[in-house]
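**Q** Sequence:
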Amino acid sequence: MSRRQYYQEFFPVDLIVRWLSYSFQRNKQLFERRELSFTLDNEIYVRYQSFESAEDLRKVLVQKLPVKIDIGAVYNYPPCNQSLVTLFAPLERELIFDIDLTDYEDVAIMKSEDEVDLCDNNWYLIAAAVELLDKALRDDFGFQHILWVYSGRRGVHGWICDERARKLSDECRDSILEYLTVRLPSALREISVKREKSNVSVCSDDSLRQWNTLSDPFLKRSFDYLYPLFLKYVVQSPQFFSDENHFKKYLSLIPSHYALQIERLIESNTVGMDLWERVEEMLKEPKKSCFYGLVVCLVFHYLYPRLDANVSRHMNHLLKSPFCLHPKTQRVCVPFSANEVWTFQPSRDAPQISDENLGLDSNDKFVLAKQRMKNFIEDFERIQKLENINANEQKLFQRHDFI
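Mapping the sequence shown onto our numbering, position 345 (from 1) lands on 863, and the numbers just tick up by one.
One or more hints might be untrue.
What the hints assert, rightly or not - Pairs of lysine-lysine residues, derived as DSS-like cross-links and limited to a Cα-Cα distance of at most 30 Å, are as follows: (1) K846 - K802; (2) K846 - K586; (3) K586 - K892; (4) K767 - K802; (5) K586 - K685; (6) K750 - K767; (7) K846 - K582; (8) K750 - K802.
In case anyone wonders, no lab produced these hints; they're calculated from the structure.
Throw the hints in and build the complete structure from the sequences for me.
**A** Right under this line is the structure:
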């Protein structure tokens, strides 16, 4: 299937425009003042595009055949006229999050040359992040309209579409980001970056001891959610104990004579959960109990969401449109709900096209791809039909005095 055919037959222009117009608010100007940007062939980048209608957008898409479509903020004037006005400023845009496996390279267990296969193999990292964030955004901030979209390559994007989320200032966005950020001991981060053992023991200044007990309710809730996933997906992976780039390199964070005992245990025939349970027992012993913080830190280090802060912090940041094509993989950026994140599989569920063919070798598969697109579009539409902010949500929002 050609790119032209995709934009003519598959790309849901009417649905995208309906979404960005927030039709339940009956405000047509929201779409007219929304910035769209196009990446064209030969890496030509065109910003500050805006359109009056779905038909106008459809004509330009079929004419220009963009390699990628990005969505920006709603401005005080139509972006196409930005050079004609003195004051041109963003007024609103969705609160957005970007999670990419590139930021998890130091903890990814399964390796692959193919980036989509790598995403499949390590999808548990993405799924854990999506589920944790979705719950926090709903329970702690009262947001309701949350759209998750596969990025087409190695990650996902989250769009929080509630009206009050769209109107947050950069300072408020930064406050939410700060709330969701976990800062682990610096020595652990340094080891992760260097991919080698460190000579620094963070126990000397009690920076691990403070992680033995989690007094912050959000951190406690996050740990309780992540720990079973850590046991299932990380501990039971053979590479976790055997690969020098995983558990062993973090033993340098505790005194060498204790680390040596654990290394000897690892070198025994004990494997998987049995080995982990014995390691935990050693770290919980009275003389070593201050080192149990290492276990808590590792759970957060491996599985806590790693967010691109600049994407979330600034109102005018651009992000790929749902249903556009990823320029590297030619996979469609398909929406999904947080409830189905654990069953989503990028290589299976994200249709792939190229200028030569659809990647489907039979008519049956072509029909299946169209049905997938239809299902995703209907799911997208269902999300947009959610009721507007209710009174209970507003009360919950007011509890957070930093917003």
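**Q** Now tell me, hint by hint, if it's right for this structure.
**A** For each hint, the structure was consulted:
no.	hint	result
1	K846 - K802	violated, 47 Å
2	K846 - K586	holds, 10 Å
3	K586 - K892	holds, 21 Å
4	K767 - K802	holds, 20 Å
5	K586 - K685	holds, 26 Å
6	K750 - K767	holds, 21 Å
7	K846 - K582	holds, 18 Å
8	K750 - K802	holds, 21 Å
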